[in-house]
Amino acid sequence: KAGVTQTPRYLIKTRGQQVTLSCSPISGHRSVSWYQQTPGQGLQFLFEYFSETQRNKGNFPGRFSGRQFSNSRSEMNVSTLELGDSALYLCASNIGQGRTDTQYFGPGTRLTVL
Amino acid sequence: KNQVEQSPQSLIILEGKNCTLQCNYTVSPFSNLRWYKQDTGRGPVSLTIMTFSENTKSNGRYTATLDADTKQSSLHITASQLSDSASYICVVSAGGSSNTGKLIFGQGTTLQVKP
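Those protein sequences? They're chains W and S, same order as listed.
In terms of our numbering, the first sequence opens at residue 1 and continues consecutively.
In terms of our numbering, the second sequence opens at residue 115 and continues consecutively.
Worth flagging that the hints you see were computed from the coordinates, not collected in a lab.
Careful: at least some of the hints might be erroneous.
With a straight-line cut-off of 30 Å between C-alpha atoms, the simulated DSS-like cross-links for lysine-lysine are [stated by the list, open to error]:
1) S/K171 x W/K1
2) S/K185 x W/K57
3) S/K216 x W/K57
4) W/K57 x S/K115
Treat the numbers as computed from the prediction; the structure is a model and nothing was measured.
Assemble the whole structure, with the sequences as input and the hints as a guide.
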């Protein structure tokens, strides 16, 4: 079974631009979560989608948004990029059946904002 | 304030030795505690997941313990190998109706295993 895939793997943008990141979960997984990882803040939860609906949301500004499609693929969008948005963005999927489901992470998208 | 603190921040051990990583949390309501291993440049990999009623859970050479009364968890690595060199992250779920709930992450412990 293929793992979680994220595209692109690397991205360079300038301040003020917007960016869209994509995540394809493991086949059969209905829950997709997004995380931001930086050296200073570590891993932080952005949001979770389940069956095309946002089910949980972390403490990030409205510039960060996401969506999930009927095939469970998910996209994350960041508008009006700031230098501080430079980070590794990780996507994780799980079956979505319960609180102790194992999460499977993708390799991440490394975003650099200049 | 919900917090997860890990210690030590970094650790160097010789191959074949055992080590224990610590995680203290103040998270309410508690749902479950997870340990992840993250190799450099890769996404985290789940090692163990423990709920309130579980004291110990093993995954090969990794054994996690949970003391819900003192709000402490530990991850013990037995007979370390060079491939154990990674960052180990403790994550606590603050409840919620779904798998993730509100996840609070520790800053991680960086382990280096030397030959």
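Looking back at the numbered hints, which does the structure fail to meet, lowest number first? Result: no hint breaks.
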